[in-house]
Amino acid sequence: MKKKLLAVILSAAMTAALLAGCGSSAQDTPGTSAGDEGGASADSGEVQEITWMFWDDLNATEDLISKGYAETVERFNADYEGQYHVTVITTNLEEYYPKLNALVASGETPDVFIVSPGPNLTDYVEPGVAAPLDDYLADGWKDTFTSDAVFSQMTYDGKIYAVPLNIAAACAFYNTEMFEAAGVEVPTTWDEMLDACQKLQDAGYTPISISAGTAWCLSMVAGYLCEMEGVDLAALEDGSASWEDGKVESAAAKLVELSQYFQKTAAGDTNDVATANFYNEEAAILIQGSWAIAQINGSNPDFESKCGVFQFPGVERVIAKSDSLAMSSSTKYPEACVAFMKYFTDDTAQKYTAEIGGKIPVTSVEYDASAAPAQLAYVMDVFGGAKGTFGFYNESMPSTEAGAYFDDQMVAVFLGDMTPAEAATEMETFYTDNCR
Amino acid sequence: MKDKTRSTLIKTLIYVFLTLVAVIYIVPLLWVFMVSFKTNAEIFASPFSLPESFNLENYEFAWTAGKLGIATLNSFIVCGVTLVFSMLIGSMAAFAIGRLRFRFAKQSMMFFMLGMMIPVHCVMIPLFTRFARLGLSNSLLGIILPYLTFSLPTTIFIMTGFFQSMPNELIESACIDGASIYEIFFKIALPLSRTGLFVTGLMTFVANWNELLLAMVFISDDAKKTLPVSLSKFVGPYNTNYSQMFAAIIIAIIPTVVVYCIFSNQIVDGLTAGAVKG
Amino acid sequence: MDKLLRDKKAIFIFLAPALILFTVVLFIPICQSVYYSFCEYKGLTAPKFIGLTNYKNLLKDKSMVFALKNSLFFLVFSCISQLIMGLFLAALLTNIKKGRNLFKNIIYLPCVLSSTALGLLWMFIFSPKLGINQALEKFGIEGPLWLMDTSGFIILPMWIIAFVALWQYVGQSMMLYMAQISGISTSLYEASYIDGCNRAKSFIHITLPLIKPMVATAMSLNAIGALKFFDLIFNMTEGGPNHRTEVLATHLYTQGFKYNKYGYASAIGVVLIVLCLVVTGLINKFIKTENYEM
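Residue numbers (this note's numbering), protein chains in the order written: chain A, 62 to 497; chain B, -15 to 262; chain C, 163 to 456.
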């Protein structure tokens, strides 16, 4: 009997202790642990261990940019041996944010982490997880960048919270041989674009390869069409403009018009398949981010010489996207973190970005244009000729959900599940309910 | 005579049907095997043709770059430990619920059943924050505990059924022989429910072997990653490295198939033992 | 005997390890989750209590309607199809001798493979550019958009996924039924043959009633598995196009982990758990598990 009593008391006590732990856990959230900053970095002689979290495996990857990052990490660890050391935590992109959030929630925020500008970065800036970097940028680091404009998507209330590593621009890649054979010039206006597609189709080619299975690919084109119609996202967000003012409707209508030139299987093709269609010369035009260059040239090296690039017709700005690094506000070793981040924007890394990675460097580094993929020069021309940049539509909206909602509506319009007007109404309803 | 031709006809029909079913099962899996020898460009150009050459490059790359060796070892440790403990702890609880007599048997069963209904996504964040505070994040023990707990409901559920359908006389006669309740459990009940143990053991092992999300979130250290996490290394941010991923999938499948063969033979033995018993 | 089975200390020792693990690893986190379902909680800042707002929003959520509808469809489909196919295959296999293990192993094989890998495989097969449509084209048939078609009450992709799920998991039900069938004493069958029953009749009159408890078990497992169903959908369609193939678990994942709305996701989780409870309750009520002595 005694034993039994003891057992009951023991288990009751255990449960109580656990429940108590449960109650308190809700209180301590990130940011509060920022207090112990700096103190530990004073003791010299110790190697300062920092972590960097990234969304691709550095060994198994085929992505050239990721491979470049792997080199950067090695360089940093070799150069600062005995002083700083960085360990990389990798996941794949799908599980990246869940894992990062779990780490943040448990107070184990990685010291440096990669993040997409836009609503994703906002998620970490608002609760104070990401640290402002202005003080560290002020020592001349900032001047190495091509312009202050590269920071525009990472600036909140005048403070910079992340550093861009490279820029990718969304362009129209085209098969020069098919264009020649069909007697088509590079289009510069919307009408010319439709005309060119028609001619390509008449000549027996599939004009455009696109993926609606991967929603953001289709949405990228939709973003350009919205830009063409003069949609103002900021005004939509603060409520001074309405989604139902006809602009989005006509952009969506244009998407439907353009869709008659898509490959037959566009609705189900994933991003990989759509890109493969293009480099396997089954379609004449591919509208993609410039990260696709490495994939195209890697899969079909003979294609590099036939591949041209033009700016999406009828718009003056280009869609640009950058990978960027943020620093945890609770890091013990901010100096080590900054030193590490600087390695991503130094000349060696930026040269690699252009020459091998095929992305646009963020600093004014001199690189060997002949070593870089041929398409990069064209992309640079497009980028330089544009009157400015704007973000991916799904990354320029107030929340990730809003962006995904936009993508979904565009796919629905393309599939014929929804009319352009209905899509505009859906967006307006969503914004009224969630974003304003 | 007429009866006999009829029964042969039925037998033939059964075999034809089963062969058809088998084809539906085998062909897609063979396809994965074929794809694992191709290059990415080949996959997109002609997905259904035979690979141009049966070279093992994909496998080599997957094995070294994906660090699949250490991942396989980790998976074995995690799944093995989970398997043993879930079978032991689970059947103990099942025995109590199915055979012992106490007032809250039904309620305890409901409580355990609840565990089966909880989606892992729901508890992940609270669990992770708690484990991180206990220093269990980034350790194999940190995923063994949740795996074990998530395996228990199914084990308990199925084993309870087995214990309940066990003949009363056996326990009664053991009682008369003066066996303690622990002896009855370990020496009579467990061996007799071997089939059930193997079925649940297999289910547990397989479920944990393939679990991705929890392992991905809980383990950061490359040397502690399990197989499914390592497989996901081949999915890049903008494009997926299909050929090597399928090679890695094949590598990851082999141990489960081996384990399955071991268990399935045991299940067969258990089945025949059951038949003899009757 | 009775005293032995009522030994409180033994009961405690048998139950305690499982109970403790359960409480710590599952029950407490799920309580926290239930609390979050009444909060606005983004995971990165402290949860803020907002009462029933999340639940009210659930009622307005269009994707939630799709998710509920698809989950219920899935539930019904998999319970019925797994029962019929599982029993059918089990009956066939227990009636043949040659090749029984071979066929059993083949059918069970997908159960031991990762559904992530299988999801990818089937996505490939049903993708318009790479998959069976290419084969169909050779016969002059234009295949449908298997995973993107959105017409009809239950859309085509859901049927596809449901059949793939049946393909993958029927081995499990089959195995459970086989285990139970082989436990039935052969003397019962022999007696029935003497009484003039043929095989089909003895299946209906002896096998079915005797495996009833296992039917309840297997069906409850199916039902819960169907309601929690995630992997295949996530890998084949990710809930798309436009959330039309969303089920409760994928909706939960999207809201919680893609959009960082943990509070809202927790509310979906609560709905999911309640649904599981109701369904298993119903199954166990309708398939009464009387214990036959075997």
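Check each hint, because a few of them may be wrong.
Stated by the list, open to error - Partner residues aside, some chain C positions facing chain B, computed with beta carbon under 8 Å:
| id | residue |
| --- | --- |
| 1 | Leu177 |
| 2 | Leu183 |
| 3 | Phe184 |
| 4 | Val187 |
| 5 | Ser195 |
| 6 | Leu271 |
| 7 | Ile287 |
| 8 | Pro306 |
| 9 | Ile368 |
| 10 | Pro371 |
| 11 | Pro375 |
| 12 | Ile386 |
What the hints assert, rightly or not - Coverage of chain B stretches by chain C, computed from C-beta distances (three or more under 8 Å per stretch; other residues unrestricted):
| id | region |
| --- | --- |
| 13 | 50 to 60 |
| 14 | 95 to 106 |
Calculated directly from the structure, the hints in this document are not laboratory data.
Idealized CB from N, CA, C, for every residue including glycine.
Quick rundown of the hints versus the structure:
1. Leu177: It holds, given that the least Cβ distance between Leu177 of chain C and chain B is near 5 Å, below 8 Å.
2. Leu183: holds (5 Å)
3. Phe184: holds (6 Å)
4. Val187: Nearest chain B Cβ about 4 Å off; hint holds.
5. Ser195: Holds: closest Cβ of chain B sits about 5 Å from Ser195 of chain C, inside 8 Å.
6. Leu271: Holds, because the Cβ-Cβ distance from Leu271 of chain C to chain B comes to roughly 6 Å (cut-off 8 Å).
7. Ile287: Status holds, d = 7 Å.
8. Pro306: Violated, because the Cβ-Cβ distance from Pro306 of chain C to chain B comes to roughly 19 Å (cut-off 8 Å).
9. Ile368: Violated, because the Cβ-Cβ distance from Ile368 of chain C to chain B comes to roughly 12 Å (cut-off 8 Å).
10. Pro371: violated (13 Å)
11. Pro375: holds (6 Å)
12. Ile386: holds (5 Å)
13. 50 to 60: violated (count 0)
14. 95 to 106: Held - the region 95 to 106 of chain B has 11 residues with a Cβ nearer than 8 Å to chain C, which meets the minimum of three.
Hints 8, 9, 10, 13 from the list above are not met by this structure, while the remaining hints are.
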